[in-house]
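Undergrad: Residue numbers (the numbering used here), protein chains in the order written: chain A, 1 to 304; chain B, 1 to 263.
Hint data in this document are derived by calculation from the structure and do not stem from the laboratory.
Here the structure is a predicted model, which means the values were calculated and not measured.
One should not assume that every hint holds.
Straight-line Cα separation of at most 27 Å, DSS-like style, residue types lysine-lysine; simulated pairs [what the hints assert, rightly or not]:
hint	chain 1	residue 1	chain 2	residue 2
1	A	Lys63	A	Lys10
2	A	Lys142	B	Lys99
3	A	Lys156	B	Lys99
4	B	Lys29	A	Lys19
5	A	Lys142	A	Lys183
6	A	Lys156	A	Lys63
7	A	Lys156	A	Lys10
8	A	Lys63	A	Lys19
9	A	Lys156	A	Lys142
Quick partial rundown of chain A residues pointing at chain B, CB under 8 Å, derived from the structure [stated by the list, open to error]:
hint	residue
10	Pro56
11	Lys77
12	Glu86
13	Asn88
14	Val101
15	Arg104
16	Tyr263
Built from N, CA and C at the ideal position, the CB exists for glycine as well.
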Amino acid sequence: MTEPVVETEKLSKFYGDFKAVDGISFQIGQGECFGLLGPNGAGKTTTIRMLYGYTPLSSGSLKIFGRDIRQDLRAVKQHIGVCQQEDNLDPDLSVLQNLLVFARYFDIPRALARQRAEELLRFFALEGRSGANIRELSGGMKRRLVLARALLNEPKLLILDEPTTGLDPQSRHQVWERLEELKTRGLTILLTSHYLEEAARLCDRLIIIDHGRIIVEGAPAELVARYVGREVIEVVAPTEEMRDFLKRQRADFEDLGHRLVVYNQNGDELFIHLAKDFCRRGCTLRQATLEDVFLRLTGRELRE
Amino acid sequence: MNGVWPKQISRRFLRVWQRNFSVYRMTWKINFLPPLLEPLLYLVAFGIGLQSLVGAVRFQGQTLSYMTFIAPALLSVTIMYNAFFETSYTSFVRMYYQKTFDAMLATPLTLEEIITGEIAWAATRSLIAAALMLTVISFFGLVHYPQTLWVIPLSLLGGAAFAAIGMFFTGLVPNIETFNLPIFLFITPMFLFSGTFFPLENLPGWAQVLAQILPLTHLVNLARAFTLGLWQNRLWGSLLYLVVFTLIFFPLAVARMRRRLIR
Numbered sequence: 001m002t003e004p005v006v007e008t009e010k011l012s013k014f015y016g017d018f019k020a021v022d023g024i025s026f027q028i029g030q031g032e033c034f035g036l037l038g039p040n041g042a043g044k045t046t047t048i049r050m051l052y053g054y055t056p057l058s059s060g061s062l063k064i065f066g067r068d069i070r071q072d073l074r075a076v077k078q079h080i081g082v083c084q085q086e087d088n089l090d091p092d093l094s095v096l097q098n099l100l101v102f103a104r105y106f107d108i109p110r111a112l113a114r115q116r117a118e119e120l121l122r123f124f125a126l127e128g129r130s131g132a133n134i135r136e137l138s139g140g141m142k143r144r145l146v147l148a149r150a151l152l153n154e155p156k157l158l159i160l161d162e163p164t165t166g167l168d169p170q171s172r173h174q175v176w177e178r179l180e181e182l183k184t185r186g187l188t189i190l191l192t193s194h195y196l197e198e199a200a201r202l203c204d205r206l207i208i209i210d211h212g213r214i215i216v217e218g219a220p221a222e223l224v225a226r227y228v229g230r231e232v233i234e235v236v237a238p239t240e241e242m243r244d245f246l247k248r249q250r251a252d253f254e255d256l257g258h259r260l261v262v263y264n265q266n267g268d269e270l271f272i273h274l275a276k277d278f279c280r281r282g283c284t285l286r287q288a289t290l291e292d293v294f295l296r297l298t299g300r301e302l303r304e
Numbered sequence: 001m002n003g004v005w006p007k008q009i010s011r012r013f014l015r016v017w018q019r020n021f022s023v024y025r026m027t028w029k030i031n032f033l034p035p036l037l038e039p040l041l042y043l044v045a046f047g048i049g050l051q052s053l054v055g056a057v058r059f060q061g062q063t064l065s066y067m068t069f070i071a072p073a074l075l076s077v078t079i080m081y082n083a084f085f086e087t088s089y090t091s092f093v094r095m096y097y098q099k100t101f102d103a104m105l106a107t108p109l110t111l112e113e114i115i116t117g118e119i120a121w122a123a124t125r126s127l128i129a130a131a132l133m134l135t136v137i138s139f140f141g142l143v144h145y146p147q148t149l150w151v152i153p154l155s156l157l158g159g160a161a162f163a164a165i166g167m168f169f170t171g172l173v174p175n176i177e178t179f180n181l182p183i184f185l186f187i188t189p190m191f192l193f194s195g196t197f198f199p200l201e202n203l204p205g206w207a208q209v210l211a212q213i214l215p216l217t218h219l220v221n222l223a224r225a226f227t228l229g230l231w232q233n234r235l236w237g238s239l240l241y242l243v244v245f246t247l248i249f250f251p252l253a254v255a256r257m258r259r260r261l262i263r
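So that you can see chain A by itself, here it is in the shape it has in the complex (with noise of 0.2 Å):
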């Protein structure tokens, strides 16, 4: 078996008394796309921070393409793309200019840098823009851009935070079509995302932490297999008789007063008898998804 790009064993980093990252262990393959979610303040950001040096660990190890990130931090750096999740382009430079100054600081020779440059301006569709000033972008060319310039230094490991957060679902598609592209051709990914659609379409693998710790692991199909099924059904406005019902019928229901969820529906029959006995609309049979996972794993209350 090959080494794993990404190793962490009991990573963690605490602020004070606060356990932001609190003993997370995870790998992550060559040519994965793995997935870290999480809902806000679960410590994402704080992990993918560790992961490129900017913040220092608390406790644990972490090793990148098999080296320690404490000895050889620079090192690692040089092999790694990353895509914040704040916009810092640099207004102060034009598109093209953005990609030359930022080369430099991986020390990429001049001419091999502008060969890149415009072939990642090509990739992304922005050859048009070459010249344009930051300000004069649309979000998703921002965002394109930004991801152009991760990956200047030919990452072996490409870290996004949140990529597509903000855009309209054209440019969405957009920045998922290249991120497929770039799998395909073997890059190793790191996600993180607040769209489990996302998640569930580009992620191979991935983890739910929520304070600071790991909830699950898994395949996302596998996920939503073990957690909520293949299909769930959702009630508008249930009555009382129906909640007798699911319970004699011990269904596995999860009851947000206004609504009900019903999971792992594996056939229609439930959903039969339910549309036919109980509502005459307001009942629906529909795919079970990551988010039914993500939502039964980590509640439904608000986080700030």
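Fit chain B to the known structure of chain A by using the hints.
TA: Using the frame of chain A, we list chain B on its own:
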């Protein structure tokens, strides 16, 4: 770890310097204007307006025209302003609003290199401004060649000193408005009371002693010695002061920025 001399500095800090130089080059016409025009404004205001009131200045046994007296002070103030404003306001904007340092930290650059690059760049700005201003002043015959050329390396040292303390404040201030405080309490008094516009000997004794604490006093001492061609051995003290000042505030600035940015 804080407070000790930073160990994580390689020649890569030049990449940060280069970034700022690339930006500067794009707007060089605007950047060149102040150091070219400012001395002209001062020369007109003071040369025509004030000189008739002040007449000549007695300085170290020599009688100088008021313009000759303040020319090196104008150079020194330009060195101070260019470096201090670069690492205070401008670096703060890069750090806080543009997140430029965050982006850099995801590359092989270390925080120490970023801060060093910023300070080196600010000192370079001082050098460029001083060189431009010196060219203008030279046309008025206010400086003594070739000794005046020492002002060029001096502008790098003086620039580094004010850049270091500017960066130190950047690591300290909670928001950009707070820079008014060090400017009001530190920069402006220096501008006025460092032997810039009148000889220090005109001040009462205690104020003269106080003025010796200010870095601009020493920068003005040195610049004036070079432009007048009047070097004295006691000026080694001023040179040493600026070196020590830089060597103290550079690591302090790095330590403050580390505390501010690395969490």
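Undergrad: Could you run down the list of hints and mark each one as holding or not?
TA: Against the structure, the hints:
1. A:Lys63 x A:Lys10: holds, 12 Å
2. A:Lys142 x B:Lys99: holds, 14 Å
3. A:Lys156 x B:Lys99: With a Cα-Cα distance of about 25 Å, the restraint between Lys156 of chain A and Lys99 of chain B holds, given a limit of 27 Å.
4. B:Lys29 x A:Lys19: Since the Cα atoms of Lys29 of chain B and Lys19 of chain A sit roughly 52 Å apart, the hinted pair is violated (cutoff 27 Å).
5. A:Lys142 x A:Lys183: holds, 21 Å
6. A:Lys156 x A:Lys63: holds, 14 Å
7. A:Lys156 x A:Lys10: holds, 23 Å
8. A:Lys63 x A:Lys19: holds, 21 Å
9. A:Lys156 x A:Lys142: With Cα atoms ~23 Å apart, Lys156 of chain A and Lys142 of chain A stay inside 27 Å; holds.
10. Pro56: holds, 7 Å
11. Lys77: holds, 5 Å
12. Glu86: holds, 6 Å
13. Asn88: holds, 4 Å
14. Val101: For Val101 of chain A, the interface hint holds, since the closest Cβ of chain B sits about 5 Å away, which is under 8 Å.
15. Arg104: Holds, about 5 Å.
16. Tyr263: violated, 40 Å
Against the hints set out earlier in the document, violations occur for numbers 4, 16.
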